[in-house]
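Undergrad: For this one, chain A is given, so just place chain H on it according to the hints.
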Amino acid sequence: MSAPAIPVPAAVEARAPGEVRRGGWIIRITVAVIVVLWLVPTLGVLITSFRPEDLVVSSGWWTALAHPFRAAEWTLENYSAALDAAGFGNAFMNSLAVAIPSTVIPITIAAFAAYAFSWMDFRGRYVMFVAVVGLLVVPLQMALIPILRLYADGATLFGLRIFPDLELNGTFLGVWLAHTGFGLPLATYLLRNYIGSLPSSIIESAKIDGADHFTIFWRLIIPLSVPALAAFAIFQFLWVWNDLLVAYVFLGGSRQNQVLTMALRNLLGGRGEDWQVLTAAAFISMSLPLVVFFSLQRYFVRGLTAGAVKG
Amino acid sequence: MTTSTNPGQSGPGVLAEPPPAAGRAVGVFLLRLLSALAIPVVAFAVLWATFDYLRDENANRAIVVVVALVVGVGGVFFLYWGMNRVVAYLPERLREGVRPYIFVGPALVILSVFLVYPVINTILISFKDAQSQSYVGLENFRFVFTDHDMLVSIRNTAGWIIIVPLFSVTIGLAFATLADRLRRGEAVAKSLIFLPMAISFAGASITWRLIYSFRPPGFGSNIGLLNGIMIGSGQDPIAWLQQQPWNNFLLMVIMIWMQTGFAMVVLSAAIKAIPLEIIEAARIDGASEMQVFRKIIVPSILPTVVVVTTYMVINALKVFDIVFIMGNAESDGTVVIAERMIDWFFVGLNYGRGAAIAVVLFVAIVPVMIWNIRQFREQELTR
Numbered sequence: 001m002s003a004p005a006i007p008v009p010a011a012v013e014a015r016a017p018g019e020v021r022r023g024g025w026i027i028r029i030t031v032a033v034i035v036v037l038w039l040v041p042t043l044g045v046l047i048t049s050f051r052p053e054d055l056v057v058s059s060g061w062w063t064a065l066a067h068p069f070r071a072a073e074w075t076l077e078n079y080s081a082a083l084d085a086a087g088f089g090n091a092f093m094n095s096l097a098v099a100i101p102s103t104v105i106p107i108t109i110a111a112f113a114a115y116a117f118s119w120m121d122f123r124g125r126y127v128m129f130v131a132v133v134g135l136l137v138v139p140l141q142m143a144l145i146p147i148l149r150l151y152a153d154g155a156t157l158f159g160l161r162i163f164p165d166l167e168l169n170g171t172f173l174g175v176w177l178a179h180t181g182f183g184l185p186l187a188t189y190l191l192r193n194y195i196g197s198l199p200s201s202i203i204e205s206a207k208i209d210g211a212d213h214f215t216i217f218w219r220l221i222i223p224l225s226v227p228a229l230a231a232f233a234i235f236q237f238l239w240v241w242n243d244l245l246v247a248y249v250f251l252g253g254s255r256q257n258q259v260l261t262m263a264l265r266n267l268l269g270g271r272g273e274d275w276q277v278l279t280a281a282a283f284i285s286m287s288l289p290l291v292v293f294f295s296l297q298r299y300f301v302r303g304l305t306a307g308a309v310k311g
Numbered sequence: 312m313t314t315s316t317n318p319g320q321s322g323p324g325v326l327a328e329p330p331p332a333a334g335r336a337v338g339v340f341l342l343r344l345l346s347a348l349a350i351p352v353v354a355f356a357v358l359w360a361t362f363d364y365l366r367d368e369n370a371n372r373a374i375v376v377v378v379a380l381v382v383g384v385g386g387v388f389f390l391y392w393g394m395n396r397v398v399a400y401l402p403e404r405l406r407e408g409v410r411p412y413i414f415v416g417p418a419l420v421i422l423s424v425f426l427v428y429p430v431i432n433t434i435l436i437s438f439k440d441a442q443s444q445s446y447v448g449l450e451n452f453r454f455v456f457t458d459h460d461m462l463v464s465i466r467n468t469a470g471w472i473i474i475v476p477l478f479s480v481t482i483g484l485a486f487a488t489l490a491d492r493l494r495r496g497e498a499v500a501k502s503l504i505f506l507p508m509a510i511s512f513a514g515a516s517i518t519w520r521l522i523y524s525f526r527p528p529g530f531g532s533n534i535g536l537l538n539g540i541m542i543g544s545g546q547d548p549i550a551w552l553q554q555q556p557w558n559n560f561l562l563m564v565i566m567i568w569m570q571t572g573f574a575m576v577v578l579s580a581a582i583k584a585i586p587l588e589i590i591e592a593a594r595i596d597g598a599s600e601m602q603v604f605r606k607i608i609v610p611s612i613l614p615t616v617v618v619v620t621t622y623m624v625i626n627a628l629k630v631f632d633i634v635f636i637m638g639n640a641e642s643d644g645t646v647v648i649a650e651r652m653i654d655w656f657f658v659g660l661n662y663g664r665g666a667a668i669a670v671v672l673f674v675a676i677v678p679v680m681i682w683n684i685r686q687f688r689e690q691e692l693t694r
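Residue numbers (my numbering), protein chains in the order written: chain A, 1 to 311; chain H, 312 to 694.
Honestly, the hints are just simulated from the structure, not real lab data. These numbers were taken from a predicted model, which means no experiment stands behind them. The beta carbon of each residue, even a glycine, is placed where N, CA and C say it ideally should be. Some hints could be false.
Beyond 12 Å from chain H on every Cβ pair, some chain A residues (computed) [said to hold, decoys possible]:
hint, residue
1, Trp74
2, Thr75
3, Ser80
Simulated restraints on C-beta separations [unchecked claim]:
hint, chain 1, residue 1, chain 2, residue 2, range
4, H, Leu587, A, Pro223, 26 to 36 Å
5, H, Leu587, A, Ser254, 51 to 61 Å
6, A, Val36, H, Asp547, 24 to 34 Å
Reference excerpt, derived from the structure (chain A facing chain H, CB under 8 Å, subset only) [as the list claims (entries may be wrong)]:
hint, residue
7, Ala64
8, Leu96
9, Pro101
10, Thr108
11, Val137
12, Ser201
13, Ser205
14, Ala206
15, Gly210
16, Met286
The following block holds chain A by itself, in its conformation from the complex (with noise of 0.2 Å):
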């Protein structure tokens, strides 16, 4: 690195080389400062949400840090009525049912796909890849109204029916294909990067074993690529779990079939101003996405950096 030549400051000799320059009270405030900005907005839904409606309409949330050992100050009433008055729990159990298919079918699918691409041989298969590639930036809404056509009426081509009436909207199946077509080529793309890192020599020595392509798939490939598939069903479970758009669109707003975000946002338009039961039942939703986040965060960047770092 040719910087400018400046007479090396004596603290710098002094410095043994290998040791890491820490930061000072500065770094440390600034850290500090940026780390409780980012935490406020969450702070004050998790203190509205064990507040009692009384005094939430009349005073803000951040009143309540002045007395926080007073009783009358906090109520687990909120967390009950989201749950029973709300439908809250139903909607839980309707988000699992989309969110947990709607993860595994497109890891599964693109697994097989980005092993394909990385080690075996087949004519077309750059074109192929450079296609799914490309596929990564459709946006999701110009897909919305082709394929809810698709799931109500089928497709004909020159009065020839290339796809059947299906019927396949306000379905938990609908929601999970569709899913699976806006989540492949991001999984395809970063699992592609991963597995066509790993080396050649193991695959190699595989073949020579005698293994066939699925044999090193399923015994050599997936355990090795374990950040990586971690990495994405994170990735691809947080945005099942939080999406709106797509469980709207093709799942619909009934009562029996809606998702969390769907039913937030029902309780938003029909009791825009009850912040008590609103904010218990956002806390609702965000805690499984919290507990995968925090459980499996360590894979998340492992195997979401192993492609991209890479550059």
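TA: Using the frame of chain A, we list chain H on its own:
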């Protein structure tokens, strides 16, 4: 010269015995096509079989979840396994030619149905009228570029794609650099910044309403944090979300809050991948911390910065939920392109206009897509 090269000459031998190479090529092609289609079709049939049950609205939700799990997790993998067994019975010559298509086929079929077909279909609809009955030429596109709300939404979206990535990446980079120097607590600090990523847009908008909330005098006390600060400092409360055009920025803050964590995590990993020796060498040569940052860290992580920024730009271009939930976009002047599209599709019920807006959005993304592919090619060359 054999007779098979001349199709015009109709001898009995020619008809009975087509050129073996061409015949096999067609056979292989059909096998490939079949194997690519088999898994999606069979999978669909399996899912369809459990269908009546899953559709039953009164079914026990716990059982539905379990069925979904078993069918989704086990079913798809089992299908690949089964198809692989079927291919194993093919003659050896064909086997290796067909097998890749079992692996790739399902992905390609699903992508064609859910992304390629819709893109083509939307482009066609954009040239038709509200109910897609007849073609109206460029009428819908004229609307996109003349309607007042549309023009406002284009202006606002331009703001979103510049401001959100700029702030997310800058703050993310600054935080990653600073947190790297903490003696301890780096992981905790980073997790807390990342936390909003796990929150839905619906949850986030409730969160931020507690910050921006406003009540006019006489309609109860103000419980929003910003107005709490205003009152605390002796000023009048403000209806934050109605302050045009600044309310747009207040909505962007929500997205910045949610996405900075992602930028920070990826950039932090890139910074940690820089060999320590290079940084140490520069320090020994007398480079200041600022010089190390500008001349070593930034150039080394530039590719990652570019990737993250692209991702943010695409997300900002597609932003919909925040604007949709946070109030009345039309009267507040906070409309964005994607929100206009949904509005015309589902509220205005004008498919032609909705599709035209979608096409404009898509065209805006095409340069990013081309760049994305080019970037990928370069990466492949340096692998």
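Undergrad: State for each hint whether it applies.
TA: Cross-check of the supplied hints:
no.: 1; hint: Trp74; in the structure: holds, 17 Å
no.: 2; hint: Thr75; in the structure: holds, 17 Å
no.: 3; hint: Ser80; in the structure: holds, 19 Å
no.: 4; hint: H:Leu587 to A:Pro223: 26 to 36 Å; in the structure: holds, 31 Å
no.: 5; hint: H:Leu587 to A:Ser254: 51 to 61 Å; in the structure: holds, 58 Å
no.: 6; hint: A:Val36 to H:Asp547: 24 to 34 Å; in the structure: holds, 27 Å
no.: 7; hint: Ala64; in the structure: violated, 11 Å
no.: 8; hint: Leu96; in the structure: holds, 5 Å
no.: 9; hint: Pro101; in the structure: holds, 3 Å
no.: 10; hint: Thr108; in the structure: holds, 5 Å
no.: 11; hint: Val137; in the structure: holds, 5 Å
no.: 12; hint: Ser201; in the structure: violated, 15 Å
no.: 13; hint: Ser205; in the structure: violated, 19 Å
no.: 14; hint: Ala206; in the structure: violated, 16 Å
no.: 15; hint: Gly210; in the structure: violated, 13 Å
no.: 16; hint: Met286; in the structure: holds, 5 Å
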